[in-house]
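Based on these hints, arrange chain B on the given structure of chain A.
For the record, the sequence lines run as chains A and B. Position 15 (the first sequence) corresponds to 15 in my numbering; numbering is contiguous. Position 12 (the second sequence) corresponds to 12 in my numbering; numbering is contiguous.
Because the hints were derived from the structure by calculation, they are not lab data. All residues carry an ideal CB built from backbone N, CA and C; glycine is no exception. It is possible that part of the hints are untrue.
[To be verified] Label pairs and their in silico Cβ distance ranges:
{"no.": "1", "chain 1": "B", "residue 1": "61", "chain 2": "A", "residue 2": "41", "range": "45 to 53 Å"}
{"no.": "2", "chain 1": "A", "residue 1": "108", "chain 2": "B", "residue 2": "29", "range": "17 to 25 Å"}
{"no.": "3", "chain 1": "B", "residue 1": "123", "chain 2": "A", "residue 2": "73", "range": "23 to 31 Å"}
{"no.": "4", "chain 1": "B", "residue 1": "119", "chain 2": "A", "residue 2": "73", "range": "24 to 32 Å"}
{"no.": "5", "chain 1": "B", "residue 1": "65", "chain 2": "A", "residue 2": "37", "range": "49 to 57 Å"}
{"no.": "6", "chain 1": "A", "residue 1": "42", "chain 2": "B", "residue 2": "15", "range": "51 to 59 Å"}
{"no.": "7", "chain 1": "A", "residue 1": "132", "chain 2": "B", "residue 2": "14", "range": "23 to 31 Å"}
{"no.": "8", "chain 1": "A", "residue 1": "30", "chain 2": "B", "residue 2": "3", "range": "48 to 56 Å"}
{"no.": "9", "chain 1": "B", "residue 1": "3", "chain 2": "A", "residue 2": "73", "range": "27 to 35 Å"}
{"no.": "10", "chain 1": "B", "residue 1": "12", "chain 2": "A", "residue 2": "130", "range": "24 to 32 Å"}
[Claimed, not checked] Which residues of chain A face chain B? A few of them, derived with a C-beta cut under 8 Å, are:
{"no.": "11", "residue": "83"}
{"no.": "12", "residue": "84"}
{"no.": "13", "residue": "95"}
{"no.": "14", "residue": "108"}
{"no.": "15", "residue": "109"}
{"no.": "16", "residue": "113"}
{"no.": "17", "residue": "115"}
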Amino acid sequence: MRARIRTPAWKRYNWRVVWLSLLYAAFLLPAVYGFKHQIIPDPLKYLVAILPAMPIIGIFGALGRYLVEEQDEYVRMLMVRQTLWASAFALSIATVWGFLDNFGLVGHADGYWIVIVYFIGLGFGGLYNKLTLGDGGC
Amino acid sequence: MAYADFTPAQRAHTKRVLWLMLAYIVVLPPLIWLRATRHIGDGVLLAMAIAAALPVLGIFASWGRYVSDERDEYHRSLTLGRIAVATNVTMGAAVVWGFLQAFGVMPLIETYWVPFVWVVVQGLYGCIEVFSRKGAQS
Numbered sequence: 001m002r003a004r005i006r007t008p009a010w011k012r013y014n015w016r017v018v019w020l021s022l023l024y025a026a027f028l029l030p031a032v033y034g035f036k037h038q039i040i041p042d043p044l045k046y047l048v049a050i051l052p053a054m055p056i057i058g059i060f061g062a063l064g065r066y067l068v069e070e071q072d073e074y075v076r077m078l079m080v081r082q083t084l085w086a087s088a089f090a091l092s093i094a095t096v097w098g099f100l101d102n103f104g105l106v107g108h109a110d111g112y113w114i115v116i117v118y119f120i121g122l123g124f125g126g127l128y129n130k131l132t133l134g135d136g137g138c
Numbered sequence: 001m002a003y004a005d006f007t008p009a010q011r012a013h014t015k016r017v018l019w020l021m022l023a024y025i026v027v028l029p030p031l032i033w034l035r036a037t038r039h040i041g042d043g044v045l046l047a048m049a050i051a052a053a054l055p056v057l058g059i060f061a062s063w064g065r066y067v068s069d070e071r072d073e074y075h076r077s078l079t080l081g082r083i084a085v086a087t088n089v090t091m092g093a094a095v096v097w098g099f100l101q102a103f104g105v106m107p108l109i110e111t112y113w114v115p116f117v118w119v120v121v122q123g124l125y126g127c128i129e130v131f132s133r134k135g136a137q138s
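The following block holds chain A by itself, in its conformation from the complex (with noise of 0.2 Å):
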């Protein structure tokens, strides 16, 4: 079955992910070096921090593009229930931590760790799909 998932469109959307993965590791390490050593201008500082933004965007667009150029019916069910998933689970997580935090038991967050829980959850909607259909899906 693991055949039947790797997909033309499976195949593209793993490349775009890679170049997009590397492309953030680019942009942060010069970033987090760049303000850690104070060595950016405030009217760059802006524009330097949301460059590392950029390629996570992207991972979110290959995604969607994923969505719409893959023809195999059964594997595009299996992303879109992932996402569902990771969506639900992202947005609970956020919800909660969000009332914690107004009622003064847990800090603050930056908000890029909802993206990190949200691709945790993309991890827990292929589970599910592997324990309830047979695939794991992408």
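Quick look at chain B alone, frame taken from chain A:
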């Protein structure tokens, strides 16, 4: 689309969401008042924070149940499209804000703003869909 045109799954989902929003409106103000005016132990605060989050989690669960219950493939695909757009926009906003926070150029905010953005984007995209369909018909 008028309520009379709703599918059975849409009607059930709308009722569930309205009840959950009512529960949210009833539960939240006393919790905020208690937090502001009384000295409360951490255990009770934890229960209060989770109680405030539960109706919102219920709304996400209701979306999941709607997608599962909906028999009209067209409506289901519209909903899945809206969810995908809302999730991508929300995650994009979260990751940009997250990096701006991490590099100290924007303030930290409570994470429950993330599901708030998700709900707003989903509503806005739904409106855009309705107006674009009306524009195409006329």
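Quick one: which hint numbers does this structure break? Sort them smallest to largest. When the structure is compared with the hints, none of them turns out to be violated.
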